[in-house]
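Q: Just need the whole structure built from these sequences, with the hints factored in.
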Amino acid sequence: MPTQTNILVIDDDQTIRDGCSRILSKSGWSVISAENGQKGLDEIRNPRGEIDVVLLDLMMPGLSGMEVLEQSLQTNPTLLVIVITGYATVESAVEAMKRGAYDFVPKPFTPDQLRIVVKRALERRALQKEAAFLRQEREKSLRDIATEKSKIKTIMNSMGDGVLVCDQDGSIVLTNPAANHMFQVSEDDLLGKLLTEAHLPPELASAIDKSLKTTESAFTSISQELSLGAAEEVHLRAHTAPVRNDVGEIMGAVTVFQDISYLRELDKMKTEFIAMVTHELRAPIAAVEQQLTVILNKMAGEVTEKQEQLLSRAKERTKGLLDLIKDLLDLSKIEAGKMVQYKEPLSLPEVIQRVVDLMRAEAEHKKIDLQFSAPSETPVIHADRNSMEEIFTNLISNAIKYTPEQGKVWIVLGEEKGFVKASVSDTGIGIEEKDLSRIFDKFYRVKTAETRQIVGTGLGLSIVKSIVAAHLGSISVESNVGAGSTFTVLLPKESTPMERMKGKQE
Amino acid sequence: MARKILIVDDDPDLVEAVTMILESKKYAVAAAYGGIEGLQKAKSEKPDLIVLDVMMPDKDGYAVCKELKSDPTLSKIPVLLLTAVVSKISTTRYTQQMGLETEADDYIDKPVEPEVLVKRIEALLAK
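Going down the list, the protein sequences come from chains A and B. First residue of the first sequence? That's 1 in this note's numbering, and the numbers climb one at a time after it. First residue of the second sequence? That's 1 in this note's numbering, and the numbers climb one at a time after it.
Take the hints with a grain of salt, since some may be wrong.
Only pairs whose alpha carbons sit at most 30 angstroms apart, straight line, appear in this in silico DSBU-like list of lysine-lysine [stated by the list, open to error]: (1) K59/B - K127/B; (2) K298/A - K26/B; (3) K25/B - K306/A; (4) K193/A - K153/A; (5) K268/A - K66/B; (6) K319/A - K25/B; (7) K268/A - K25/B; (8) K493/A - K442/A; (9) K319/A - K26/B; (10) K442/A - K319/A; (11) K298/A - K119/B; (12) K210/A - K153/A; (13) K4/B - K298/A; (14) K401/A - K315/A; (15) K59/B - K270/A; (16) K25/B - K366/A.
No lab work stands behind these hints, which were simulated from the structure alone.
A: Structural data, given as structure tokens:
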């Protein structure tokens, strides 16, 4: 938007005023005149428009030019004043410049001289305006930054999660009140301190140190659980991650803490609940089944054939209930991560052999040929022994259950690309295509005329699947209806130190 | 003379059922309905074998077993642990084999099949 340029001429000489007005108007500038110093000052103090440049005669009756100069600069320190010196004396011009005048023009002057001087002043004026504008912008963005900073601070301060930031040297540069509260310290105990002197849990300090020193570009974060407090009653989950700059250099590390004490409390309640269920639900059913067993064994007197039939069925039902409770408890333990927490180097052939021995009686009872073959050397896996026994107990017992008498069940161990492969095959009734995708679902049971007699909870395979997943393995099934099924489990081999190194180099 | 078996379980119904099984096999049976009573009866009744429940409110089977085995006058009595523990047989078997939790001589899952119970008892008494 083009703004009007205003020039104020203060001179007691009408000819000068008119002359200036004429000359400057030709350049498109608007001219305001004042016939003495006082009127000129009034114009400066209460301008009708913004005054860009003042032309000021030094020699005037009344208020002198020097006084007008001083007072107008007091009003507006950035005002550009060009003094008109009547005697062409350098002294008065120098004096005026000393007092803050921008330039001078000696009398008499030509129109061109005047225009050049004014033009120069206007250029200066433009620069002034530009600078003022930039200053304003800068102040505005500084204000924005300050607002942004206070926003972040407000968010950090009101967060329930703790935050701790370290620079690349490992000194703590930022914490929030939640973090200070979790560690029961004041901000001063942490800020500016090195990790090593801040009395933080050693495993936390080492995780931060590791994040700062990592050389792997793919390194993302370390997650761990910390127990604090006199009775270790505060449980925190801590995520530590390096902060990188544009070129990927590590600038520091951020750790975020979540208080998970209430989760631990829930976990404890769950464990207690499980114990309660075990005793309060399982014990009475076990007692009922025990009593039925005694009657059925004719230890409480003779039993008629009809009574025996009914009681046998009642006993089957209580057995089913007990199995269901066992499976439910196993499943809840697996889901709580309890079942697979004791991983150790394991020899799978040894585990399977033990399960096969346990199952042999059941197989012989149905005249099923149960076979197990393993290569002379099988790689060691890193797994939880109970869980592995659980997997193969389930798979082999299923195979026996769903295979008619005189059938065959065989287990083969082998290797496949970094995995140990175990397959359990049978010559059983097989599984229909439509059921194949659902057999690993909780409580899913294939319902056909043949399976109706078979007792089960529908949880076995979903337990197996959860365990396999917890060991980073996989399970698959192939089946032909009427011919048999094969369940194949893949479990990762335990890598040797040499292999781990090789993997890193690749 | 009939061999005497002490059955320790806080569930009277279970004690009764097991008693009937054992009596049908001509064993003399003494009963205790808790861990502490079990320890007293072990001393007073001098049984040839103890069938001991694991989960009991006053003193559990593991603790009772430990005390029995540390008492020189009782440590020779075989202990058959009655387990109704949450996990499946494989788990129990594992803890048994590792000797992690008990010094019991054998264990059997509740509810028991009469033949299995009697076989286990005969085996322990034959030792």
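Q: Now tell me if each hint is right for this structure.
A: Going down the list of hints, with the structure as the test:
1. K59/B - K127/B: Since the Cα atoms of K59/B and K127/B sit roughly 28 angstroms apart, the hinted pair holds (cutoff 30 angstroms).
2. K298/A - K26/B: 15 angstroms, holds
3. K25/B - K306/A: Holds, at about 26 angstroms.
4. K193/A - K153/A: 20 angstroms, holds
5. K268/A - K66/B: Satisfied, since the Cα-Cα distance of roughly 27 angstroms is no more than 30 angstroms.
6. K319/A - K25/B: OK: K319/A and K25/B at ~25 angstroms, within 30 angstroms.
7. K268/A - K25/B: Answer violated: K268/A to K25/B is near 44 angstroms, above 30 angstroms.
8. K493/A - K442/A: 28 angstroms, holds
9. K319/A - K26/B: 28 angstroms, holds
10. K442/A - K319/A: 19 angstroms, holds
11. K298/A - K119/B: OK: K298/A and K119/B at ~18 angstroms, within 30 angstroms.
12. K210/A - K153/A: Judged against 30 angstroms, a Cα distance of about 27 angstroms means the pair holds.
13. K4/B - K298/A: 22 angstroms, holds
14. K401/A - K315/A: 18 angstroms, holds
15. K59/B - K270/A: 23 angstroms, holds
16. K25/B - K366/A: Satisfied, since the Cα-Cα distance of roughly 29 angstroms is no more than 30 angstroms.
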